[in-house]
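Following the hints, complete the assembly by docking chain B onto the known chain A.
Number of protein chains: 2
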Amino acid sequence: MKLYDSAISGNSYKCRLILYQLQIPYERIAVDILRGESRTPEFLRMNPNGRTPLLEYEPGRFLAESDAILWFLSEGSPLQPDGRLGRAEALQWMFFEQYSHEPNIATARFWIQHFELDEAKRKALIGKTRLGYAALGVMEQHLAREPFFVGGRYSIADIALYAYTHVAGEGGFDLAGYPAVTAWLDRVRAQPRHIPITHP
Amino acid sequence: MKLYDSAISGNSYKCRLILYQLQIPYERIAVDILRGESRTPEFLRMNPNGRTPLLEYEPGRFLAESDAILWFLSEGSPLQPDGRLGRAEALQWMFFEQYSHEPNIATARFWIQHFELDEAKRKALIGKTRLGYAALGVMEQHLAREPFFVGGRYSIADIALYAYTHVAGEGGFDLAGYPAVTAWLDRVRAQPRHIPITHP
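Sequence lines, in order, name chains A and B. Each residue of the first sequence is one higher than the one before, starting from 1 at the first, in my numbering. Each residue of the second sequence is one higher than the one before, starting from 1 at the first, in my numbering.
The set of hints was computed from the structure by calculation and includes no laboratory data. Certain hints may be false.
Since copy identity is lost for identical chains, a pair holds within one copy or between any two.
What the hints assert, rightly or not - Taking lysine to any residue pairs in the SDA-like style, the calculated list, with each CA pair at most 20 Å apart, reads:
hint	residue 1	residue 2
1	Lys123	Pro103
2	Lys128	Gly83
3	Lys121	Ile195
4	Lys123	Arg28
5	Lys128	Trp111
6	Lys121	Glu42
If we strip away everything but chain A, and leave its shape as in the complex, we get (with noise of 0.2 Å):
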């Protein structure tokens, strides 16, 4: 397998964090998206999205969109949660956050590593932040009952999630006021073969 790869990126670090864990080889393929290299014509030839991650999966057969290259990887794996409601739960979880989360922690981290904030995206990141605390929020009151998001044990849905919210104080996020999540985030850290964003 191959995977098409951004080191910045959350959503890759997702695919680079379960292949570790799951012991399967693949090649990394760095894609530098500062750089456009996610909108050249060869790579939309395979994603015509523009958007890392990207998975080669067989040569010349694609999947795109982080949490459903989760998904893949993860069946028949202890990471997929079993049964009907756990599979369904695991989702719900994913598209919570690819929509209430990502757009908000993650942009927020990225135009603030990345750009120079011009009057209009200052006032975008207001709203963001607002709504990314919102989704913390959300992980807050959950987590403070359970130690993982689904059927207490670790699980793709545990990686959707930590891979943005590790790094939310690089958005400006404020963890203190999290202390569920935190300790979650610790949890996760500790799970075997655990690998850091930075991980080659």
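The following block gives chain B in isolation, referenced to the frame of chain A:
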């Protein structure tokens, strides 16, 4: 089952459509999101993220996120694609829908239909229009080669993408340049037990 449902929401319509197509009896409970009924303390106890649709699949047990609800309801039915790759491709399109399509096309529609646009929203609408057309372009490219999104047949991926594409005009989008999308809308409409978004 009970569905907490917004009549104007395409996300809620996805659930009404699949429940009807799979002939699953349910009680529809109207939630007026324009009057803040999805943000009341009572509603937040059922869904801390404060959004519709919400499925009460047994008394006091809730599942949120429209595409997770589609997954849950379609398990074991012909509407959920078969095979590891089919499942992953369905999820790829459903995450595409929630990340690249809905926040642009559905939000443009919601703003235009239900708000007086101030200067900030008018500016943001320009970006959403550009990104919404980009999402339609990705769909057009796929549908020029394939009759449906996954495996050559109608599935939950089509339901997810149909919900807001067929009302994109209400968000100011002109589908005239997207003949493959338009033909696919007709194929979805021609499925057995199809109901329109206005179906009571």
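Going through the hints against the structure:
1. Lys123 x Pro103: both (15 Å within a copy, 18 Å between copies)
2. Lys128 x Gly83: neither (35 Å within a copy, 38 Å between copies)
3. Lys121 x Ile195: neither (32 Å within a copy, 41 Å between copies)
4. Lys123 x Arg28: neither (37 Å within a copy, 39 Å between copies)
5. Lys128 x Trp111: The answer is both: 11 Å in one copy and 18 Å across copies each meet 20 Å.
6. Lys121 x Glu42: The answer is neither: 30 Å in one copy and 35 Å across copies each exceed 20 Å.
Violated hints, in rising order: 2, 3, 4 and 6; the structure is consistent with all others.
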